[in-house]
Amino acid sequence: MIRTTAWRRHPLARYAVLILALALVGMVYAAFVQASRPADAALASGKVDDVAAGKSLFQVHCASCHGLNAEGTTTGPTLIGVGAAAVDFQVSTGRMPAANPGAQMPRKPMAGWVTQDKIRQLSAYVQSLGGGPTVPTKDQVDPAKGDAGKGGQLFRANCIQCHNWAGAGGALTRGKYAPNLNEATPEQIYEAMVTGPQAMPVFNDTTITPEEKRDMIAYVTEVRAQKDPGGFGLGRIGPVTEGLVAFIVGIAALALAAIWITAKKRQKS
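Just so it is clear: in the sequence shown, position 19 is 19 by full-length UniProt numbering, and no numbers are missing.
What the hints contain is simulated information worked out from the structure, not anything from laboratory work.
Quick caveat, the model's predicted, so the values are computed rather than measured.
Note that the Cβ used here is the ideal one computed from N, Cα and C, for glycine as well.
One or more of the hints may lead you astray.
As the list claims (entries may be wrong) - The following label-pair restraints were derived from C-beta to C-beta distances:
| # | residue 1 | residue 2 | range |
| --- | --- | --- | --- |
| 1 | GLY102 | LEU256 | 22 to 30 angstroms |
| 2 | ALA246 | PRO201 | 33 to 41 angstroms |
| 3 | ASN182 | GLY130 | 31 to 39 angstroms |
| 4 | LEU22 | GLY175 | 41 to 49 angstroms |
| 5 | ALA225 | ALA23 | 23 to 31 angstroms |
| 6 | GLY175 | ALA257 | 36 to 44 angstroms |
| 7 | ASN182 | LEU244 | 44 to 52 angstroms |
| 8 | LYS176 | LEU22 | 37 to 45 angstroms |
| 9 | GLY175 | ILE261 | 46 to 54 angstroms |
| 10 | ILE19 | LYS145 | 32 to 40 angstroms |
| 11 | LEU254 | PRO201 | 40 to 48 angstroms |
| 12 | TYR177 | LEU244 | 14 to 22 angstroms |
Stated by the list, open to error - Derived DSS-like pairs: lysine-lysine, alpha-carbon spacing no greater than 25 angstroms straight-line:
| # | residue 1 | residue 2 |
| --- | --- | --- |
| 13 | LYS138 | LYS118 |
| 14 | LYS150 | LYS138 |
| 15 | LYS176 | LYS108 |
Put together the whole structure using the sequences plus the hints.
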């Protein structure tokens with residue numbers, strides 16, 4: 001008893017207790033994270049068994065750029081912590097796998113081996129590596145449940161600088177560009193906001209809530225269906241294209257008018 005009391009009064013006792021407490025917290029946290037990873041994978045894929053199948057697909061089609069354990073290489077970034085949403089977006093839009101990575105990966109048809117089941121399996125495997133944003137549910141991206149008016153305000157405040165007011169896209173610096181949103185599905189629009197592919201910033205749920213994201217999706221999908229009552233839409237790119245067309249048409253009309261006027265004067269003389 002005397003020895004125990006003396007040990008408690010020792011100057012190093014408080015530090016020993018602190019170290020033991022931190023070690024205990026670390027072990028509990030590690031056990032919790034390890035236990036939650038299968039649940040995250042199941043949430044992303046619907047089947048825990050998809051993780052094993054996704055790992056096999058990853059090693060065959062993705063490991064050459066991203067590493068055998070998705071740790072990243074000189075040609076591809078690490079995928080640990082990017083989440084299932086990033087995989088679903090990149091693979092479903094045909095941006096990945098990429099034979100020749102460049103400044104901007106264009107949207108293209110999905111690779112021949114890719115199916116929705118395989119995308120789900122790859123997503124589940126990457127989700128199991130370190131968590132991250134999961135694939136959104138149908139309810140989260142349903143345009144019918146969103147407010148297009150509020151979505152338009154949010155879109156104009158956060159997105160038109162790159163994507164144009166109608167989602168037509170536009171050029172950026174260093175060979176990059178904001179892609180056209182007309183072909184993007186509601187799921188892909190949501191996934192792009194939460195993962196921030198390439199030059200796009202990440203809009204997490206504290207910046208733009210899931211409900212506001214759905215409102216923005218409602219706006220983007222509604223704008224697609226709008227007509228152009230004023231005439232040709234010209235790709236809805238904006239005043240530069242419209243001004244160029246007006247200039248070319250106007251100059252051509254003036255040139256033709258000048259030719260016609262001079263031709264009439266020659267006939268009279």
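Quick rundown of the hints versus the structure:
As the Cβ distance of GLY102 to LEU256 is approximately 44 angstroms, the hint placing it in 22 to 30 angstroms is violated. The hinted range of 33 to 41 angstroms is satisfied by ALA246 and PRO201, whose Cβ atoms lie roughly 34 angstroms apart. For ASN182 and GLY130, the Cβ-Cβ distance of about 33 angstroms falls inside the hinted range of 31 to 39 angstroms, so the restraint holds. The beta-carbon spacing between LEU22 and GLY175, approximately 47 angstroms, falls within the hinted interval of 41 to 49 angstroms.
For ALA225 paired with ALA23, a C-beta distance near 59 angstroms fails the hint of 23 to 31 angstroms. As the Cβ distance of GLY175 to ALA257 is approximately 42 angstroms, the hint placing it in 36 to 44 angstroms holds. For ASN182 and LEU244, the Cβ-Cβ distance of about 22 angstroms falls outside the hinted range of 44 to 52 angstroms, so the restraint is violated. At roughly 44 angstroms, the beta carbons of LYS176 and LEU22 sit within the given window of 37 to 45 angstroms.
The hint said 46 to 54 angstroms for the Cβ distance between GLY175 and ILE261, and at roughly 47 angstroms that hint holds. Between ILE19 and LYS145 the beta carbon distance is about 51 angstroms. The supplied range of 32 to 40 angstroms is therefore violated. Between LEU254 and PRO201 the beta carbon distance is about 45 angstroms. The supplied range of 40 to 48 angstroms therefore holds. Between TYR177 and LEU244 the C-beta distance comes to about 19 angstroms, which sits within the given range of 14 to 22 angstroms.
Annotation: proposed proximity of LYS138 to LYS118 holds, straight-line Cα distance about 19 angstroms (limit 25 angstroms). Distance check on the hinted pair: LYS150 and LYS138 sit about 20 angstroms apart at the alpha-carbon level, within 25 angstroms; holds. For the hint pairing LYS176 with LYS108, the CA-to-CA distance comes to about 16 angstroms; that is within 25 angstroms, so the pair holds.
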